[in-house]
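Peer 1: Sequence:
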Amino acid sequence: MQKILQKDTQQLYPEAVGEQTDISFTPSYSTERFNKIEIDNILKRFPKSKVPGFDGIDSVIVSNIHTNFPELLTTFMNKCLDLKIFQRHSKQN
Numbered sequence: 137m138q139k140i141l142q143k144d145t146q147q148l149y150p151e152a153v154g155e156q157t158d159i160s161f162t163p164s165y166s167t168e169r170f171n172k173i174e175i176d177n178i179l180k181r182f183p184k185s186k187v188p189g190f191d192g193i194d195s196v197i198v199s200n201i202h203t204n205f206p207e208l209l210t211t212f213m214n215k216c217l218d219l220k221i222f223q224r225h226s227k228q229n
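With the first letter of the sequence shown counted as 1, position 65 gets the number 201 in the numbering used here; the numbers rise by one all the way through.
Honestly, the hints are just simulated from the structure, not real lab data. Keep in mind that a hint or two might mislead.
Said to hold, decoys possible - Derived DEER-like restraints, expressed as beta-carbon distance ranges:
| # | residue 1 | residue 2 | range |
| --- | --- | --- | --- |
| 1 | T145 | E168 | 34 to 42 Å |
| 2 | F182 | L219 | 18 to 26 Å |
| 3 | F205 | L141 | 49 to 57 Å |
| 4 | I197 | L148 | 53 to 61 Å |
To be verified - Mimicking EDC-like on lysine to aspartate or glutamate, the simulated pairs with C-alpha atoms at most 20 Å apart in a straight line are:
| # | residue 1 | residue 2 |
| --- | --- | --- |
| 5 | K220 | E168 |
| 6 | K220 | E174 |
| 7 | K172 | D218 |
| 8 | K180 | E207 |
| 9 | K215 | E168 |
| 10 | K215 | E174 |
| 11 | K215 | D176 |
| 12 | K184 | E168 |
| 13 | K172 | E207 |
| 14 | K180 | D194 |
| 15 | K184 | E174 |
| 16 | K186 | D176 |
We treat Cβ as the ideally placed atom computed from N, Cα and C, and that holds for glycine.
Go ahead and model the full structure; you've got the sequences and the hints to work with.
Peer 2: Structure (structure tokens):
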């Protein structure tokens with residue numbers, strides 16, 4: 137069976153026989169990480185008087201969490217980058 141597959145592969149892809157293919161990967165996203173200063177700057181721009189979003193957490197709570205536990209939000213945001221998981225919901229009217 138293996139010989140048949142090898143023969144068929146050689147017929148279909150003759151230029152690939154015996155060649156080693158370079159499979160290097162260049163990500164299509166930035167590999168930069170969030171840092172505490174970036175998160176601070178983002179949170180400073182959050183509106184303080186807006187109603188919470190669908191998750192019920194308002195910007196004052198998020199800011200307080202970041203002030204008291206700065207690594208928590210930074211680590212969370214970087215883990216989202218690692219896993220390629222980002223919020224899809226936006227505030228609905």
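Peer 1: None of the hints should be skipped; say for each whether it holds.
Peer 2: Cross-check of the supplied hints:
| no. | hint | in the structure |
| --- | --- | --- |
| 1 | T145 / E168: 34 to 42 Å | holds, 40 Å |
| 2 | F182 / L219: 18 to 26 Å | holds, 24 Å |
| 3 | F205 / L141: 49 to 57 Å | holds, 56 Å |
| 4 | I197 / L148: 53 to 61 Å | holds, 59 Å |
| 5 | K220 / E168 | holds, 13 Å |
| 6 | K220 / E174 | holds, 19 Å |
| 7 | K172 / D218 | holds, 17 Å |
| 8 | K180 / E207 | holds, 17 Å |
| 9 | K215 / E168 | holds, 12 Å |
| 10 | K215 / E174 | holds, 15 Å |
| 11 | K215 / D176 | holds, 18 Å |
| 12 | K184 / E168 | violated, 28 Å |
| 13 | K172 / E207 | holds, 7 Å |
| 14 | K180 / D194 | holds, 13 Å |
| 15 | K184 / E174 | holds, 18 Å |
| 16 | K186 / D176 | holds, 18 Å |
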